[in-house]
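These protein sequence lines map, in sequence, to chains E and F.
Using the numbering used here, you'd call the opening residue of the first sequence number 1 and step up by one each time.
Using the numbering used here, you'd call the opening residue of the second sequence number 159 and step up by one each time.
Possibly wrong hints are sitting among the right ones.
[What the hints assert, rightly or not] In silico SDA-like cross-links for lysine to any residue, where the CA-CA straight-line distance does not exceed 25 Å: (1) E:136 to F:200; (2) E:137 to F:200; (3) E:136 to F:203; (4) F:209 to E:82; (5) E:29 to E:125; (6) E:136 to F:209; (7) E:137 to F:212.
[To be verified] Here are the in silico distance ranges between beta carbons for each label pair: (8) F:196 to E:25: 40 to 50 Å; (9) E:121 to F:179: 53 to 63 Å; (10) F:169 to E:49: 26 to 36 Å; (11) F:193 to E:157: 26 to 36 Å; (12) F:196 to E:21: 18 to 28 Å; (13) E:149 to F:198: 24 to 34 Å.
No wet-lab data here; the hints were simulated from the structure.
The structure displayed is predicted, hence computed values, not measured ones.
We put the beta carbon where it would ideally sit given N, CA and C, even for glycine.
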Amino acid sequence: MSTGTQHRKRDIFVEGAIPSSFIAESIAKHATRTDIGAHEIFLGQVRADAMDATGEGTTVQTVSAIEYTAYRDMANEQMITIREEAFTRWPEMTCLHVHHSQGVIKAGELCFMVFASAPHRRQAREAVAYVTDEVKKRLPIFGREILSDTTHIWKRNT
Amino acid sequence: MDVLLFGMVAEKAGAISIDLEAGSLVELRRKLELSIPGLERLSYVIAVDRKVVLNDRALTGSEEIAVLPPFAGG
Numbered sequence: 001m002s003t004g005t006q007h008r009k010r011d012i013f014v015e016g017a018i019p020s021s022f023i024a025e026s027i028a029k030h031a032t033r034t035d036i037g038a039h040e041i042f043l044g045q046v047r048a049d050a051m052d053a054t055g056e057g058t059t060v061q062t063v064s065a066i067e068y069t070a071y072r073d074m075a076n077e078q079m080i081t082i083r084e085e086a087f088t089r090w091p092e093m094t095c096l097h098v099h100h101s102q103g104v105i106k107a108g109e110l111c112f113m114v115f116a117s118a119p120h121r122r123q124a125r126e127a128v129a130y131v132t133d134e135v136k137k138r139l140p141i142f143g144r145e146i147l148s149d150t151t152h153i154w155k156r157n158t
Numbered sequence: 159m160d161v162l163l164f165g166m167v168a169e170k171a172g173a174i175s176i177d178l179e180a181g182s183l184v185e186l187r188r189k190l191e192l193s194i195p196g197l198e199r200l201s202y203v204i205a206v207d208r209k210v211v212l213n214d215r216a217l218t219g220s221e222e223i224a225v226l227p228p229f230a231g232g
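Only chain E is shown next, with the shape it has when bound in the complex:
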């Protein structure tokens, strides 16, 4: 397992929603890195999807929250691999930060952040798009969508 400073093992999970203040602080922490010329950030927000829970088209409920759980050890290992792939593809990238929520996140709250910084915008932009897609595909994270009538359905990424 790689132990380089850009690849060190870290836990991507945070308990509860990601506060907007956390994002502002993340940006501020990079002010001393004057080799950076571009930040790119993806933020995932819980959407109040309308769901036909019965499948009969008669009862439409909206998603009021998602409860996220994860196979945390595997998710963090997968994240190390994705991170290494990203630094191989975009070697000029300065840093990459990924956070995902655990627990109940209400509609309208933030549950996922991918933040890449690079000297120029292209590397940061492409890396964020790649990492966002790969996290959704490869990390064992599970979402129980809690509906307005308190029933639930299990979210699945397509």
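Put chain F on the given structure of chain E with help from the hints.
Coordinates of chain F only, in the frame set by chain E:
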């Protein structure tokens, strides 16, 4: 061996792990589906030592095994 269960699989089983003995992944799948009613109708994959394994393979009993329903991160 202690098999870790997640998401809708844990919900179906009413537990976050299940103790089963199996010498291969095929045998493990069969025992899981006998032990967890309705599992055969769910889509799931099995991870061995934190990596998804799709083909059959032998198990020694010392591996970390997990049953994973569809991923939903992001």
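Problem set entry | Violations among the numbered hints | Those not satisfied are hints 10 and 12.
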